[in-house]
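Start from the sequences, fold in the hints, and give me the full structure.
For the protein sequence lines, the chains are A and B, in the order given.
Here the first sequence is numbered in the numbering used here, starting from 1 and rising by one per residue.
Here the second sequence is numbered in the numbering used here, starting from 229 and rising by one per residue.
Just so you know, these hints were derived from the structure itself, not from any lab.
All C-beta atoms in this analysis are idealised placements derived from N, C-alpha and C, irrespective of residue type, glycine included.
Any given hint could turn out to be false.
Over the 12 Å line for every Cβ pair with chain B, so calculated as not near, a few chain A residues [said to hold, decoys possible]:
| hint | residue |
| --- | --- |
| 1 | Val11 |
| 2 | Ala33 |
| 3 | Pro35 |
| 4 | Leu63 |
| 5 | Phe72 |
| 6 | Ala105 |
| 7 | Pro125 |
| 8 | Gly176 |
| 9 | Phe185 |
| 10 | Gly193 |
No farther apart than 20 Å at their CA atoms in a straight line, the calculated lysine to aspartate or glutamate pairs in the EDC-like style are these [said to hold, decoys possible]:
| hint | chain 1 | residue 1 | chain 2 | residue 2 |
| --- | --- | --- | --- | --- |
| 11 | B | Lys488 | B | Asp505 |
| 12 | B | Lys325 | A | Asp95 |
| 13 | B | Lys522 | B | Asp505 |
| 14 | B | Lys286 | B | Glu362 |
| 15 | B | Lys524 | A | Asp168 |
| 16 | B | Lys396 | B | Asp319 |
| 17 | B | Lys305 | A | Asp29 |
| 18 | B | Lys488 | A | Asp168 |
| 19 | B | Lys522 | A | Asp95 |
| 20 | A | Lys109 | B | Asp319 |
| 21 | B | Lys483 | B | Glu340 |
| 22 | A | Lys109 | B | Asp420 |
| 23 | A | Lys166 | B | Glu353 |
| 24 | B | Lys292 | B | Glu362 |
| 25 | B | Lys524 | B | Glu540 |
| 26 | B | Lys396 | B | Glu362 |
| 27 | B | Lys524 | A | Asp95 |
| 28 | B | Lys286 | B | Glu353 |
| 29 | B | Lys522 | A | Asp106 |
| 30 | B | Lys325 | B | Asp306 |
| 31 | B | Lys305 | B | Glu362 |
| 32 | B | Lys522 | B | Asp306 |
| 33 | A | Lys166 | B | Asp505 |
| 34 | A | Lys109 | B | Asp430 |
| 35 | A | Lys166 | B | Glu371 |
| 36 | B | Lys344 | B | Asp430 |
| 37 | A | Lys109 | A | Asp29 |
| 38 | B | Lys325 | B | Glu340 |
| 39 | B | Lys524 | A | Asp29 |
| 40 | B | Lys325 | A | Asp106 |
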Amino acid sequence: MESVAAIKIPVFVACLYPLIRLAWLAAYDNLGANPIEFITRSTGTWTLVFLTLTLAVTPLRRLSGYQAAIRFRRMLGLFAFFYASLHLVTYIWLDQFFALMDMAADVMKRPFITVGFFSFLLLVPLALTSTSGMIRRLGGRRWLWLHRLVYVASLGGVVHFLWLVKADIREPLIYGSIVALLLAFRVAAAMRGVRTSLLARTGRRAPLVGKVGEESSGLKKGSELTHN
Amino acid sequence: MLIKRPSDIKSSEITDQGQYLNRRQFIYGASLTAAGIAGGLVLPGIALGAAGPEAGTKLDGVGKSPLSTDEKKTPLKDVTSYNNFYEFGTDKYSPSKYAKTLVTRPWTVAVEGEVKHAKEYDIDELMKLAPLEERVYRLRCVEAWSMVIPWVGFPLSALIRRVEPTSKAKFVEFTTLHDQDQMPGQYRGVLDWPYVEGLRIDEAAHPLTILAVGLYGQILPNQNGAPIRLVVPWKYGFKSIKSIVRVRFVEEPPKTAWMKASPREYGFYSNVNPEVDHPRWSQATERRIGEFRKRKTILFNGYADQVAKLYEGMDLAAYF
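Okay, structure coming up:
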């Protein structure tokens, strides 16, 4: 537990790398000829990266047995939301400069913006309910169902990318393949009847009492949530 | 955030760019010599024969033209580092990184088809076909960004007059080099290689249409379409085909690379038109490279006075 907490700080700092890199490039005027396009593309790409990292946590845990990895999933997910927000702010401020009517027209008429915008919207409730308090408030079951929206949002992000490129679909297809693979992993596990139990999700063996249990209270041991 | 305005960029930067390109040409030339490739004297800073005249070589006797715009020019650094040239990669910074493998000498342009005097021109001969002029043109990419570039070239009409098209010549088809070793991007089938473009004969003969052999008073850098390219400023940039090896006069409208890639999105005419959107994005505004706020796009890229008459009575949305 303590060792995980110690790793969290360097991981947090590592997650800031995309932002630090952008700031560094901006400071040295190395964003290229079209800085706004560069920032938009960069923040969008990193959003996809963090979404796939988040989705990869559980499959990696299952395959490697490193259960503590779950402790990083919330951080990764929130960073995905963070970079998605930066991506949206870049569009609203730097690209469109708050031209509301133009943006509304874009969302309605341009399919790639429609899907991008709605994928972002899907991430908002996930970010808002990411705290332990919210897990408790919603109850584990509802929380889990809500957070499965991350798959919809991730696929939406891939489609957003696919629909904006002119001819070179290689990069969007790579992200699409990764998301599809991670989703397939979950589906296969579910079909095999593997218990995505409380144990697998939280890495906790302890009974649900006291401090440890508080974090996941709402999930009754032996309830249908401990089976899949 | 630090987004530099063009006025922040000192003229000394242009010199730096030239030196940078010279250095790369030297390294390339030197390594070719080291590999024992014959055919060219390699002196410090100059790589002849295998590579072509070094980028940065000044072009002499370039006259001015009343067809130039006096809008603010896009800095040389941006013009030569932000390019769509999929033959060298689909990223905009790839061509300037990888186009050094393009060999521009020897180079020929075959002019053929429905003409009385078909000929295979050597590039150096073609460059002397007509007096060179500076044409400062706006270039509007279909992706909704634009630049103002001081091209050096001569009107395509000079070549057309020389070869004398027959009455059967209704269109002109242009073809880019097809050589995967020189253009590694052609290993990937993102487009159907070689790149092909086309114009109606009256568009080709229009005074604005030029064959460009340079920019900013110097030889065309590889990433900008060396050694010779087309510039049709009232159309989207992808119509201004680069690194031309063939000009053919034909009866039927040519099937262009982008039409083949996505016929619903890229038409034969591709005239700049804020009212005819790309199916997936708006064409109403554009980002002028170097500017922060977007600009309104103007019909025919601001060249309506000169070209609108070519399209009188034509439904610009149907013939996009």
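Going down the list of hints, with the structure as the test:
no., hint, verdict
1, Val11, "holds (27 Å)"
2, Ala33, "violated (3 Å)"
3, Pro35, "violated (5 Å)"
4, Leu63, "holds (33 Å)"
5, Phe72, "holds (30 Å)"
6, Ala105, "violated (7 Å)"
7, Pro125, "holds (28 Å)"
8, Gly176, "holds (17 Å)"
9, Phe185, "holds (30 Å)"
10, Gly193, "holds (43 Å)"
11, Lys488/B - Asp505/B, "holds (19 Å)"
12, Lys325/B - Asp95/A, "violated (27 Å)"
13, Lys522/B - Asp505/B, "holds (16 Å)"
14, Lys286/B - Glu362/B, "holds (13 Å)"
15, Lys524/B - Asp168/A, "violated (28 Å)"
16, Lys396/B - Asp319/B, "violated (40 Å)"
17, Lys305/B - Asp29/A, "holds (12 Å)"
18, Lys488/B - Asp168/A, "holds (14 Å)"
19, Lys522/B - Asp95/A, "holds (8 Å)"
20, Lys109/A - Asp319/B, "violated (26 Å)"
21, Lys483/B - Glu340/B, "holds (17 Å)"
22, Lys109/A - Asp420/B, "violated (29 Å)"
23, Lys166/A - Glu353/B, "violated (37 Å)"
24, Lys292/B - Glu362/B, "holds (5 Å)"
25, Lys524/B - Glu540/B, "violated (23 Å)"
26, Lys396/B - Glu362/B, "violated (32 Å)"
27, Lys524/B - Asp95/A, "holds (13 Å)"
28, Lys286/B - Glu353/B, "holds (17 Å)"
29, Lys522/B - Asp106/A, "holds (15 Å)"
30, Lys325/B - Asp306/B, "holds (13 Å)"
31, Lys305/B - Glu362/B, "holds (18 Å)"
32, Lys522/B - Asp306/B, "holds (17 Å)"
33, Lys166/A - Asp505/B, "holds (14 Å)"
34, Lys109/A - Asp430/B, "violated (35 Å)"
35, Lys166/A - Glu371/B, "holds (9 Å)"
36, Lys344/B - Asp430/B, "holds (18 Å)"
37, Lys109/A - Asp29/A, "violated (34 Å)"
38, Lys325/B - Glu340/B, "violated (33 Å)"
39, Lys524/B - Asp29/A, "violated (26 Å)"
40, Lys325/B - Asp106/A, "violated (34 Å)"
Violated hints, in rising order: 2, 3, 6, 12, 15, 16, 20, 22, 23, 25, 26, 34, 37, 38, 39 and 40; the structure is consistent with all others.
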